[in-house]
Amino acid sequence: MIIPPPPGRPAAPLDLELVQVTKRFGSFVANDRVSLKIPSGTFHALIGENGAGKSTLVKCIMGFHTADEGDVIIGGHSRDIRSPADAYQFGIGMVYQHFTLVPAMTVAENLVLSRPDLPATIPWEAERKRLNAFMRTAPFQVDLDQPASQLAAGQKQKVEILKQLYLESRFLILDEPTSVLTPGEADEVLGLIRRKVEAGELSVLLISHKFREVFGFCNSVTVLRRGKVTGGGLVKDLTTDDLAAMMMGGPRTPRTVAKADRAPGAVALELKGLRADKDSGVPALEGLDLCLREGEVVGVAGVSGNGQRELVEVLAGQRPATGGEVLVHGEWYGATRTDAARHGVFLLPEEPLRNGCVPAMSVAENIAFREFDRPPIRLAGCLVSRRGIRGFAQGLISRFGVKTRSTETPIGDLSGGNVQRAVLARELGPGTAKVLIAANPCFGLDFAAVESIHGQITEARNRGVAVLLVSEDLDELLSLSDRLLVMSHGAIVHETTPAQADVKVIGHHMAGH
Amino acid sequence: MNSAQPSEAPGALLADATATVPGPVPVAKWRWRSTAEAIAIPVAAVLAAGLLFGLFCLVQGRNPFSVFAAIYKAAFGSGYSFQNTLVRASPLMLTALCTALPARLGLVIIGNEGALVVGGLGAVAAGLLVAGSPAPVVWAAMALAGFGVGGLWIGAAGLLHYRRGVNETISSLLMNYIAIAVMNHLVNGPMRDPASLNKPSSYPIPDDRMLPPIGETNVHYGILFGLVACVLAWFLMEQTTFGFKVRMVGGNIRAARLAGLPVSRLGWITCLLAGGAAGLAGMIEVAAVHGRANESLAAGYGYAGILVAFVARHRGLPIILVSVLLGGILASGGILQRQFQLPDATILVFQGLVFLMILLSDSMYGRFGLFKEKDAA
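Each protein sequence line maps, in turn, to chains A and B.
So for the first sequence, this note's numbering puts the first residue at 566; every next one is plus one.
So for the second sequence, this note's numbering puts the first residue at 6; every next one is plus one.
Watch out, some of these pointers could steer you wrong.
[To be verified] Covered, in the sense of this in silico footprint (three residues per stretch, anywhere, with C-beta under 8 angstroms from a C-beta of chain B), are these stretches of chain A:
#1 634 to 645
#2 862 to 872
#3 877 to 887
#4 894 to 905
[What the hints assert, rightly or not] So the derived label-pair ranges between C-beta atoms look like this:
#5 A:L678 / B:G371: 45 to 51 angstroms
#6 B:V113 / A:P712: 29 to 35 angstroms
#7 A:P668 / B:A186: 31 to 37 angstroms
Note that these hints are calculated values from the structure, not bench results.
Computed from a prediction, not measured in an experiment: that's the story for all the values here.
Even for Gly, the Cβ is constructed at its ideal location relative to N, Cα and C.
Just chain B, with the same shape it has in the complex:
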């Protein structure tokens, strides 16, 4: 290594020294194998869960095929049932974002249920405060309050993580219980409507200030909130500089720091947005379904949202599809009881099996030669 190096243009040296790429670098090549993998593995996981659930039904002495047929009919079989499915899908889209957005950053947040509950409380409080104003003003106030309170809720988990090193999964999970306790306290105390006897509730939002159904359907405008939020989330993560930074942090925090990114600020903002989405879910539950805050808010949409986010691999657009599918499964809970005398919770067994299989399938990526791109240099 004692030959003198001529100082030519940079790069020329490297190019000379290492027999290089012939011709121009191909720009984009559709990586269909990766795409196929990202679809095939979750689908296979859901099918596997279906198989296990079928066995479960068999053990219970029911014909699994007729159970699945009934679930399909109850979820998508008719215009009415599909509307019912969509009603359940709208909060799912929003709560799923509460896990999906921080996941892109490398955080595992499961405080969706709590953020939904406090978001609903905030929305009720704001709605009651401005109940005399025109309906759009009430809706805007409720949405803002739901988003804000939910955002601060998960933002707090983010802050604890970045400032004090608290594990965000544990803290957000435990905050669910705090949120539900706070709600119980409020609807039994300061916010209680004396007229609500057997189910303590807050004072109700006036009927004419509620989010109305779309046209002649049973589907309320909350579904638009969900759709718009998912599309915005996709756009934010895939198209903006903010999303690019978030993906850098999520992919390798050391590289992000090397690039000078403000890691904790990005994390905190993402947590705010995530909690805000779940808070909005609480808002639409209050403003379009219940009309008041009570224990029905904690109906499990938050936990189901975690499942949706994982099945959709934390991507905005697939969340829409998965929410509709899971909404359908949730909507069919009643039919299992009525038609097959299976307990209501049976559908939770199915949901739990799907979640387990999806988590298990995460370890399957990169194991199948069929899905390996052939371009490793």
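The shape of chain A in the complex, shown without the other chains:
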């Protein structure tokens, strides 16, 4: 090959086996005795819902994490991989979800600079010759002299893959490589990698949500759910129904949370053709329509990255809409303080410390964010009464069980669960909510806290509050929702009720099938 492989690096595609790998974060078990086997020269898929533990597992292979228990076996030997540099030594390379190219540098520079054994001064002429020779054997061509910043997403992804080939990786891990590509580009890239695999040059582990990719390109598949292997096998022996069932955990009985039997009332929140962009300027919401009535919980399911976050941010006033409109009680809603107070729109954001709190301000002040500029906390038209804030917060702190040493403690010093309770106290405590938007409200909380938040949401619904629940936890959605919507690519693609819900169908829609 073009660069002589460094000593100790293999020349043939690797076979890799994981034996009973367990990884814990505190009390949370991200991977629970995961075993899988990828023989040399195969294309293996790893699929599962968000939070199933796929990324953690490959990070254990790459040396970002060290598994608490279990073995990584490469070429028949148990290997201790402590850093990505170790992984490189063993011939394992990874293509990340996000680009790692230096935008201002050309493709050639990016490729050469990725070599870990780079000399202090680079003999560009010699490198250039090697690169040209390498490109003659490369599965796809990219202009070496283009700056990376001028490449389209698909081309960038190709360069990322070329980089791994240039580094002579014999085992390639692809972490949702197609999430930034159009279906056409995705097929092209995966097809070319598939050819490399068939030519006996590579083994590949592909992390994906998309059944189409599994069935189109892979030999075998492993399904993870909640950190455990729930199934797998050769792709030719499986159907999409089998995979959906493994991924979603088979038919589920919705949990019942004492839902009062009530017919939905008038329309509270209506979204018409809502559009918004991601931070990168790529459209996230593409004409989203949604209607939410008083006294119902509408759940929004979907694989993360399909516009749910942007939807919540638009409703929270954290992201401008680029088109369409938000109506609350039939009136145009601009997420200002006046609008929110007048229509009783409250919001439980995900990551409450990042989205809904000022870490350096006190617990009491944070709880008073919705009330500080209204009497009785506001005095004489423009003053904030400290005593008023304390009095207001004190009652809510004990009612919602926020564990804090005093009302004046900065909220950033509290534990995650207590921050969440403080935000819950702020948004639900006054009981004046008419519309409640909740985004992954139980993420990272323990069992008891989850139970009580679910109780709060159901209780609000029973009082006639219109609740929009955006969540990545399908069980949560099935137990709380009156109607369930599935979101994909910035639009609602499927609607059902928990009673009629078929997780396989939901899974298909989530996977964009």
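Once you have looked at the hints, place chain B on chain A.
Chain B only, in chain A's frame:
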């Protein structure tokens, strides 16, 4: 998770589910460790700067202790020198607010010098326009003009930031040079007093329309402007709904947006007030010290104000104290030259060292166990 949830009063559920706080929540507890940290770290930084400056003096062949003694004497040693210190402290209090107010909002504005200069120009223009009116009218017109022009100056930086995403630090810094160029143009051209030969200046404010000294002292009424502005700034930030909103935006802009705050309007108003304060500093320099606009306006009070704001951690009341201290250091520049034959700029070395150490000390917060509050739940 299949037990039915009874729908009781909200909160009762949560309280049950998570073994809760015993008894009532303690209300306020004086967080002396944080307070001690906020005092100890800047003091240590200033001491460290003093140590380095002492070394500098040693290298120059001077006894550092006698240099410090001389600085102290020149700054606070006598009634006369203290008055001199206060005269220098008054513009510092105002220019410090130009950095301190936007800092509470998360903006780093360093256009203090420029806002001071354009504020001084505006004040001179207004003062000359109404020079025939009674003195209080002239003062009011000058103050309003200084505040207004300075406010619009920094307001422009704020507007560029919120409308076009321009970095406010860079734009306000560059606007300093524009302001000084504009002043040079005006005092060499349209506003030039033909009588000012070797130092081109504007026409002067009549002597009897200048801000007078307080009683028998040399300290002019500008110090009152500074004191009142700092107290007002403290009150605005700590006691009003406006200040509460500003602190929310500065602490976490996402949370502020979630609470429905008009982030860019708050930012723009804060920039206006900040620039207005620096503009007032220009006004008192013109109305109480120079009597006219010329290059003496750009004497570095703007840059020194940045230092004051950082040392005072952008809080209104500490700014008063720090301004007096720094005013004293500035006032002692002459003595170093006369007594120790050190160049005038030596005092700027000291000032620069203090600034560096203060910026460095910012990374020290939260590193000392002694200052950690013991109440993280």
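Of all the hints numbered above, which does this structure not satisfy? Sort the numbers upward. Hints 1, 2 and 5 contradicted; others consistent.
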